[in-house]
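Here the structure of chain A is known, so what remains is to put chain B in place on it, guided by the hints.
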Amino acid sequence: MFQKTVKKLLAVTLAAVMLTGCGAAGGEAQNSSEENSGASEEGGESKGDKPSFVFVCTGQLGDKSFNDSANEGIQEIASALGCETKVIEIGRDQTKWEPTFQDLAEEGAYDVIISNGSSAIETIEKVADEFPEQKFVAFDCSIEEGAHPNLYAISYKQNEGSYLAGVLAALVTESDMEYANEEKKIGFIGGSEHPIITDFLVGYIAGAKSVDPEIKVYVSYIGSWDDTAKGKETAIAQYNQGVDIVFPAAEQAGLGCVEAAVEMDKYIIGVDSDQSMLFKGVDEDKANVILTSVLKNVGESLVRMANMEMEGTVPYGSYEDLGIAEDGAGIADNEYFQKNVPEEIRTRIEEEKQKVLDGVEIPTALGDADQDEVQALIDSVAP
Amino acid sequence: MSIWSVFLSTDFFFTSIRLMTPILFAALACMVFSKGGIDPIGTEGIMLSCALAGPVGGYFTGSAWGGVAAAMTVGIVLAFLFGYFTLILDTNPVLAGIALNTLSGGLTIFMTYYLTGNKGSTQSLNSPVVANIHIPVIESIPVIGPIVSGHSILTYVSLLLTFLLTVFFWKTPCGLRIRAVGENERSAASVGINIMKYKYISLLIAGCLAGLGGAYMSMSYVSMFSRDMIAGRGWIGMAAESMGFGIPWKVACSVFIFGMADSLAIRLQMLNLPTQLISCIPYVVTIIAISIYSWQRSRVKKVKK
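Here the protein sequences line up with chains A and B, keeping their order. Just add 1 to the spot in the first sequence (first one is 1) and you have this note's numbering. Each step along the second sequence adds one to the number in this note's numbering, with nothing skipped, and position 47 is 28.
The shape of chain A in the complex, shown without the other chains (with noise of 0.2 Å):
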């Protein structure tokens, strides 16, 4: 009988786990919806035929830098614009893209799904074919133009503001500044060589040797976009051979990164959101060691792309290019920025950001860029 009891009990209890274990998959995804729908719901009395937004994230959120940025566009598209919105975190597994894409475009509940191109553009495509009307926005790519009528892709000039990123290394690195040395070297560290990450390697190199023709820039890549410890590995590598301002794209690796920056007493250039801001009050010696981030404005440019949609002037079919002009990419100016950075340096970027915005052509390694004259300049200024 005891048995029986017990037996009954382990049953009942092993069916209770499994459905909060299944609850809490989906549930997590609602909680972060249920922030954004709260935000809608001010709005949403007036939203008669307001078009409505799901974000469909490839990853998770929490990583600081893309998806965050992308997930603030949304929050904002909701508050300020009164949109329906909608976030849905789908995770890494690559497997579970097709069918959610497919899933949110059967049900058609939202007119534009909005998803991460870089990694999920294949995917986003097959899609958007399958369903021609359901509007789809992916960012961070480009595509072929007028092949999928009912796709618009946004992608960044990342090499327009790590071009501004090289300008400040190069100056720090010949500055006075406290942490700066002799030596004119400065370093770069990818996550994993990526074209988008030579991208942004070859917008630093032009900016540093358009201050300094004669800099060395070392180049350095993690293999990996989340060991922190590898990432903090390959910076002290780096500051040990005289680099004193270090610039990482690699997403969650870079916080390693930040942390070699704090424990040496060197530099650092933060990417894809504003990683000073984020350290402000929480650590300021982190805060204090990275001078500027270099931003690709995700958010703004989802908004941007809400607003149009409101109008009906968003070019589907085609991708369109966002730099320094267009408030899609830039470095972020905050109050650790003007602390630390010297007067005449601010002086120095502000002025070279005008030449950009004067249309000065900053080399890039995307689109048809010739492969062997990216090399050439990277191997140009090798140590």
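Some clues are possibly wrong.
Covered stretches of chain A (chain B as the covering partner; in silico rule of three or more C-beta atoms under 8 Å from a C-beta of chain B) [stated by the list, open to error]:
id, segment
1, 218 to 229
2, 235 to 241
3, 254 to 261
4, 322 to 332
Simulated restraints, written as ranges between beta carbons of each label pair [unchecked claim]:
id, chain 1, residue 1, chain 2, residue 2, range
5, B, S272, A, D130, 42 to 52 Å
6, A, E123, B, Y264, 25 to 35 Å
7, A, L358, B, L(-11), 42 to 52 Å
The set of hints was computed from the structure by calculation and includes no laboratory data. For clarity, every value in this text was computed on a predicted model and none was experimentally measured. For glycine and all other residues, C-beta sits at the position ideal for the given N, C-alpha and C.
Here is chain B on its own, set in the frame of chain A:
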């Protein structure tokens, strides 16, 4: 800078030791699991959970050692959980291990979000870290000083444990019984050894070791937990354990080889060599090492015949 200057710098060896510490903890944990006849497949996941428990424990207790204790506790709990499923409920160890690793991957992100409102890392907790120590006399010896001194306390603990485990498994009755249980359960049972008791002792020790490895990652190597930060070190530890034939000093040597390969890959990038070539060094070393391992083993088998 030439290739030789890479090899000859003290900094290269210092980095190698720092890189090998988490792998050594993982390898020792795998070794203890295997000695007790338990599959070490869950090590990666246990370490990941412990890496989160460290900074969180440290934050709540306000001391680094509180964090290390929390990491070890979580290590023991997860090791026992794994043991409960595989030993009592007779689950396939590979499946249980995969389940544990997947669980840790998701649960750590969930807990990080729950505690900090941030899914990427625990940077907002500002948790304490385990100190590095400079050994007074040794520090001033040229060449050896800069290599041996100045590491995290946990690095010295890992080396000390390598020695202590050798003594434990070869000189103490308890250690010898664990080995007997791991090598042949039935014979062990026939001489009256309580199999379950010794399996649980090995789970306890392995859990502690994995906990220390996790704590090292998030409380010493870097000062916070970040998503998926173990990044395969648990698996490399497993490889190093089998390469070292489960003999502590050989395991430590194979771990050191992995550490050197990693350190070399990072350093050679400073020279103007193609990165694709350099980033494959750790993998090439792994393949060579495993080839040597299987060649040796086949030779041992022939001798036995």
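- Failing hints, ascending? 4
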